[in-house]
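Enquirer: Given next are the chains, with one letter for each unit.
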Amino acid sequence: MPDRPAVLLLDPRDTVAVVVRPLAPGTEVEVLRGGKPVRVSAETLIPFGHKIAVASMEPGDPVIKYGEVIGYATAPIRPGQHVHVHNLRSDRARSARE
Amino acid sequence: MDEILLYRRPMGTWGTRNHVLVLPLVASASGVARAIARGTGAAWVEHDYEPAPDELPENRERVARTLTGFATNPNVAAVLLVADTPDHGVLMDPIRAAGQRVDLVVVAEAGGVRRAIAQGRERLEALCAFASRCVREKAPVGELILGTECGGSDALSGITANPALGVASDLLVDAGGTVILAETTELIGAEHLLARRAATPEVARDIYRIIHRYEAVVLAHGEDIRGANPAPGNIEGGLTTIEEKSLGAAKKGGTRPIRQVVEYAVRPTARGLVIMDTPGNDIEQMVGMAAGGAQVAVFTTGRGTPTGSPILPVIKVATNSATAQRMQDNIDLDAGRILEGEETLESMGQKIYETILAVAQGALTKAELLGHREFAVSRYPFAVLDRASAR
Amino acid sequence: MSDLPRLEAVARRRPQGSLGIRHRLLVVPSVVCAAQAAHGIAEGAPDAQAIEHQHGCSQLGGDARLTEHVLTGLGTHPNVAGTLVVGLGCETVQGMVLYRAIAARGQRAEFVGIQQAGGTQAAVRAGRDALERLRQASAADPEVPVSWADLTVGIEGGWLSLPPAQSRVFAEVLEALLGAGAVVIQAVPRPSAPGLGAGPGEVPSASVDLPAGDAERLVARSFPARSWEVAPYAGPLPPARGFVLMPSPEARVAQKTGLAAAGAHLILSPLTGGLPAGSPVAPVVHVGIAPYARAFADDVEVVLGEDPPPGAAGAILRALASACREETVAEVLGMTEMAIHRIAPTM
Numbered sequence: 134m135p136d137r138p139a140v141l142l143l144d145p146r147d148t149v150a151v152v153v154r155p156l157a158p159g160t161e162v163e164v165l166r167g168g169k170p171v172r173v174s175a176e177t178l179i180p181f182g183h184k185i186a187v188a189s190m191e192p193g194d195p196v197i198k199y200g201e202v203i204g205y206a207t208a209p210i211r212p213g214q215h216v217h218v219h220n221l222r223s224d225r226a227r228s229a230r231e
Numbered sequence: 072m073d074e075i076l077l078y079r080r081p082m083g084t085w086g087t088r089n090h091v092l093v094l095p096l097v098a099s100a101s102g103v104a105r106a107i108a109r110g111t112g113a114a115w116v117e118h119d120y121e122p123a124p125d126e127l128p129e130n131r132e133r134v135a136r137t138l139t140g141f142a143t144n145p146n147v148a149a150v151l152l153v154a155d156t157p158d159h160g161v162l163m164d165p166i167r168a169a170g171q172r173v174d175l176v177v178v179a180e181a182g183g184v185r186r187a188i189a190q191g192r193e194r195l196e197a198l199c200a201f202a203s204r205c206v207r208e209k210a211p212v213g214e215l216i217l218g219t220e221c222g223g224s225d226a227l228s229g230i231t232a233n234p235a236l237g238v239a240s241d242l243l244v245d246a247g248g249t250v251i252l253a254e255t256t257e258l259i260g261a262e263h264l265l266a267r268r269a270a271t272p273e274v275a276r277d278i279y280r281i282i283h284r285y286e287a288v289v290l291a292h293g294e295d296i297r298g299a300n301p302a303p304g305n306i307e308g309g310l311t312t313i314e315e316k317s318l319g320a321a322k323k324g325g326t327r328p329i330r331q332v333v334e335y336a337v338r339p340t341a342r343g344l345v346i347m348d349t350p351g352n353d354i355e356q357m358v359g360m361a362a363g364g365a366q367v368a369v370f371t372t373g374r375g376t377p378t379g380s381p382i383l384p385v386i387k388v389a390t391n392s393a394t395a396q397r398m399q400d401n402i403d404l405d406a407g408r409i410l411e412g413e414e415t416l417e418s419m420g421q422k423i424y425e426t427i428l429a430v431a432q433g434a435l436t437k438a439e440l441l442g443h444r445e446f447a448v449s450r451y452p453f454a455v456l457d458r459a460s461a462r
Numbered sequence: 441m442s443d444l445p446r447l448e449a450v451a452r453r454r455p456q457g458s459l460g461i462r463h464r465l466l467v468v469p470s471v472v473c474a475a476q477a478a479h480g481i482a483e484g485a486p487d488a489q490a491i492e493h494q495h496g497c498s499q500l501g502g503d504a505r506l507t508e509h510v511l512t513g514l515g516t517h518p519n520v521a522g523t524l525v526v527g528l529g530c531e532t533v534q535g536m537v538l539y540r541a542i543a544a545r546g547q548r549a550e551f552v553g554i555q556q557a558g559g560t561q562a563a564v565r566a567g568r569d570a571l572e573r574l575r576q577a578s579a580a581d582p583e584v585p586v587s588w589a590d591l592t593v594g595i596e597g598g599w600l601s602l603p604p605a606q607s608r609v610f611a612e613v614l615e616a617l618l619g620a621g622a623v624v625i626q627a628v629p630r631p632s633a634p635g636l637g638a639g640p641g642e643v644p645s646a647s648v649d650l651p652a653g654d655a656e657r658l659v660a661r662s663f664p665a666r667s668w669e670v671a672p673y674a675g676p677l678p679p680a681r682g683f684v685l686m687p688s689p690e691a692r693v694a695q696k697t698g699l700a701a702a703g704a705h706l707i708l709s710p711l712t713g714g715l716p717a718g719s720p721v722a723p724v725v726h727v728g729i730a731p732y733a734r735a736f737a738d739d740v741e742v743v744l745g746e747d748p749p750p751g752a753a754g755a756i757l758r759a760l761a762s763a764c765r766e767e768t769v770a771e772v773l774g775m776t777e778m779a780i781h782r783i784a785p786t787m
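In order, the protein sequences belong to chains A, B and C.
So the first sequence is numbered by this note's numbering: it starts at 134 and just counts up by one.
So the second sequence is numbered by this note's numbering: it starts at 72 and just counts up by one.
So the third sequence is numbered by this note's numbering: it starts at 441 and just counts up by one.
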C-alpha cells in the first residue's frame with residue numbers, strides 16, 4: 134500500500150527536495166539521493182511546494198534542482214532547512230544581467 | 072515496442088491520424104470553408120488572417136509557412152484550400168510540390184459564394200474518397216515527433232506533470248523519436264542551463280538568440296518578464312528563482328541533449344530533443360508544432376485547459392487530482408497520483424509514453440471526443456526589434 | 441437627393457431603452473479556449489449565435505483591453521436579446537470581468553466557467569440552461585415600430601476610393617440617412633499602426649486626433665458641408681447623434697467588427713475585393729462593386745455598375761430597409777465572421 138510521500142526529489146543530483154505535504158518542525162523525511170537514502174529533519178515549518186535542503190551548502194555553493202543550478206546559496210544551509218528567498222539567490226535575475 | 076501502426080504519406084512522413092482538412096487561406100474565406108466542411112466529417116479551421124497591403128514580408132512568410140506546414144502535416148491525408156481570389160491561392164503550389172494531395176476552390180472564379188460551396192463539396196468528396204483508401208502500416212517509433220506544451224500552469228506543473236512528461240520525452244528520444252520543446256517566453260531565465268545541454272556550439276548560440284530575442288520583444292512593449300519573475304504568487308507557492316520557474320517548464324522536454332533550434336512552424340531536420348521558437352499563446356504554439364510536423368502532443372495543465380487541435384491528438388495531463396476529477400471530460404491522465412503515492416515520476420512517465428504510443432495508433436483523446444479544434448495564425452512578433460535596430 | 445423608402449419594420453425595445461432589429465442570443469467565449477464550448481452551447485439553437493475569435497490567451501495589456509472592449513461592445517449590442525459569456529478561468533480577458541462589464545451596462549447576461557463547471561460537457565449543459573433563461577426573460581421585450589431616426593448605420597471605408605460615378609452613389613445614401621436623423625458611423629481605414637492613435641498598451645480614447653490622411657480627405661470631399669465627430673475603434677460613440685468617423689484597421693472583417701461593437705444596427709459593405717462576410721450581431725448589406733463583384737451577383741443585395749443609373753442610391757436604401765425586416769444574404773448563408781484587431785503579438 135503506497136504511502137503519500139511528503140517530499141519529492143526530482144533528480145538524484147538535487148540538493149533540495151520539494152515539499153508536497155506541509156512539514157511541521159521536527160518532521161523527518163527520507164529521499165533517495167544518488168541511490169543512497171538520505172534522512173533529514175525539517176528545522177522549521179516548510180509549506181507545500183517549498184524546498185527542503187537534503188545536502189549541506191556553503192555561501193556561494195550552487196543549489197541544484199531538476200539536476201540543474203537554480204541559483205546560489207547566500208548563507209550556510211544545513212540539511213533540513215527551508216531553502217527560499219532568504220538563503221537562495223538567482224544567478225540570472227534582472228539586476229545581475231549585463 | 073519498436074514498431075507502431077501509422078499512415079504512410081507520399082512526403083516520406085508518417086501520420087497518426089487520417090484527416091481531410093478544409094483550410095481557408097484568408098479570414099474572409101472561413102465562412103465558405105465551414106459551409107463546405109459542415110456535416111462531412113472533414114476537419115476545418117477558421118482564423119483571422121487577412122493579408123493587408125502594408126503587410127511586412129516577414130509576416131507574410133511566417134503565415135505562409137504556417138499554413139503550408141499545417142496543410143502538409145502527416146496527419147492530413149488530403150487538403151482542400153479555399154481562397155477568395157486567385158492571387159490568394161498561391162500556396163497551392165508549394166503544398167502540391169511537397170507531395171500533398173491538395174485541391175483549391177477560388178470563390179471569385181467559382182462564380183460567388185453559393186457556387187463555391189457547391190464546387191467545394193464536390194472536390195471535398197473526391198478527397199475524402201482518396202483518404203478512405205489510406206491504411207496504417209508498420210512504422211518505426213522513431214518516426215514520431217511529439218509536441219509538448221503546458222497551459223493553465225500551477226505550482227504543481229513543475230513538480231508532477233512536467234517532470235513526468237520529461238520521463239516520457241526521454242523514452243521517446245531514446246527510441247529514436249523527436250520531442251519539440253517550445254514556448255520561448257517560458258524558458259527565459261534558463262537559457263544558460265539549456266545551452267549547456269546543446270549538442271553543438273551553434274545550437275547553444277541559437278538557444279541564447281531566440282530567448283534573448285523574445286525577452287527583447289516583451290521589453291519593447293514595456294513589460295519586464297525577467298524582473299517580474301517569479302511573481303508574488305509564484306514566490307508564495309515556493310518558487311524562488313526565475314531559473315527554477317523556467318526549468319519547471321523546460322522539464323517537459325526531458326534531459327537529453329538539445330539537437331536543434333528551429334523557428335516557428337519550421338520542421339526540425341534533426342531527431343531527438345529540439346526547441347522551437349513559439350509564443351506562449353497555447354493555440355499558436357500547438358499550431359506551430361503541428362506545422363513543424365508533430366503528429367501527437369502532450370499538454371500538461373494545472374487549472375484545466377480544454378484546448379485541442381483540428382489535426383493532432385492532444386493528450387491532456389493534469390498536474391493534480393482535483394483538476395483531473397473536476398474536468399474528467401477533458402483530462403486523459405492524472406499526474407496528481409504522484410502526490411498520492413499511487414505513481415512515481417518514473418511510473419507516471421512510463422504511463423504517458425504508453426499513452427502516446429496508443430494514441431498514435433488510433434486511441435482517441437478526450438479533446439478529440441469533444442471535438443476541440445482550436446486554431447490561430449501567429450503573427451511575426453519581431454517587427455518592433457527590426458524597427459529599433461533600423462534607427 | 442434620394443427619397444428614403446419607408447422602413448415598415450418593427451424592433452424590440454431592450455431593458456436599457458435601445459431598439460434592436462434582431463432578437464438574437466449571443467454566446468461569447470472570453471478566450472479562444474472557450475470557443476468550442478460556446479459553439480456546443482449555440483449549436484442546435486437557431487436563435488443563438490456563438491462568436492469565434494482567436495484571442496484572450498497570453499495577450500499583453502493593450503491587446504487584452506482591446507479584446508475586452510470589442511467583446512463588451514458586441515455583448516451589449518441592441519440587436520442582442522441576451523448574452524452568455526463563456527470563460528475558462530485562467531485567461532487574461534477574465535470571463536467574469538467581461539460578464540460584469542456587459543451586465544453593468546444593463547444587458548441581460550449570464551456566465552458559465554468551464555473550469556468551475558467541470559469541463560466542456562458540463563459547461564455546454566449549463567450554457568444551454570442559461571440560454572433558456574435568457575430566452576424566457578427576453579420574450580417580454582416589446583415590439584415597437586422603428587424609424588430611420590432610431591437607427592445607427594455603419595459603413596465600411598471601401599467606397600471612399602471608388603471612381604466618382606460610384607462613390608457619388610454612396611455619398612447620396614449617407615446624406616439621405618443623415619437627413620432622416622440616423623447616426624452614421626463611417627469606418628476610416630488606416631494602415632496598421634499600434635493602438636490606432638493611442639500609444640501601445642492604451643485603449644484608444646474618445647479624443648483621438650484624426651490627422652488628415654487620404655481617407656479623411658475623401659470624406660471631406662464627399663461631404664463638404666458636413667461636420668463630424670470622431671469615435672475610437674469599437675466605440676464608444678459621442679453622445680450627439682450625427683456623422684461619426686471611426687479609425688479602423690484596413691481589413692474589412694475588422695472594420696465590420698469595429699462598427700458592430702460601436703453599436704451599428706446595420707452595416708453597409710461595399711464589396712471591392714475579397715469575399716462577402718457577415719458579422720455576428722449586425723446584419724450586413726453588401727453592395728457589389730463592378731467590375732470586381734459581378735462574380736458575386738448572387739451573394740450581394742445590390743450590384744453597383746461602373747455607370748450607375750439615377751435610382752442606384754434608392755436601391756441601396758431599399759436594401760437597408762429590407763434588412764430591418766428580413767435576413768440578408770450573408771445571414772442566410774450563415775456568414776458571421778469576426779476579427780479583433782491585434783495591437784501587439786501575443787506572448
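No lab work stands behind these hints: they were computed from the structure.
Since the structure is predicted, the reported quantities are computational estimates derived from the model, not experimental observations.
Just so you know, even glycine gets a beta-carbon here, dropped at the ideal spot from N, CA and C.
Hints may be right or wrong, so weigh each one.
[Unchecked claim] Here are some, though not all, of the chain C residues that point toward chain B, as calculated from beta-carbon distances under 8 Å:
| no. | residue |
| --- | --- |
| 1 | 528 |
| 2 | 715 |
| 3 | 736 |
| 4 | 738 |
[Unchecked claim] Calculated Cβ distances over 12 Å to all of chain B for the following chain C residues:
| no. | residue |
| --- | --- |
| 5 | 456 |
| 6 | 503 |
| 7 | 608 |
| 8 | 689 |
| 9 | 765 |
| 10 | 766 |
Enquirer: A separate judgement is required for each hint: does it hold in the structure or not?
Expert: Results of checking the hints against the structure:
1. 528: holds (7 Å)
2. 715: Hint holds; residue 715 of chain C Cβ to chain B Cβ min 4 Å, cut 8 Å.
3. 736: holds (5 Å)
4. 738: holds (5 Å)
5. 456: holds (30 Å)
6. 503: violated (9 Å)
7. 608: holds (25 Å)
8. 689: violated (8 Å)
9. 765: Non-interface label on residue 765 of chain C holds, nearest chain B Cβ at 22 Å vs cutoff 12 Å.
10. 766: holds (18 Å)
Hint violations for this structure: numbers 6, 8, all remaining hints satisfied.
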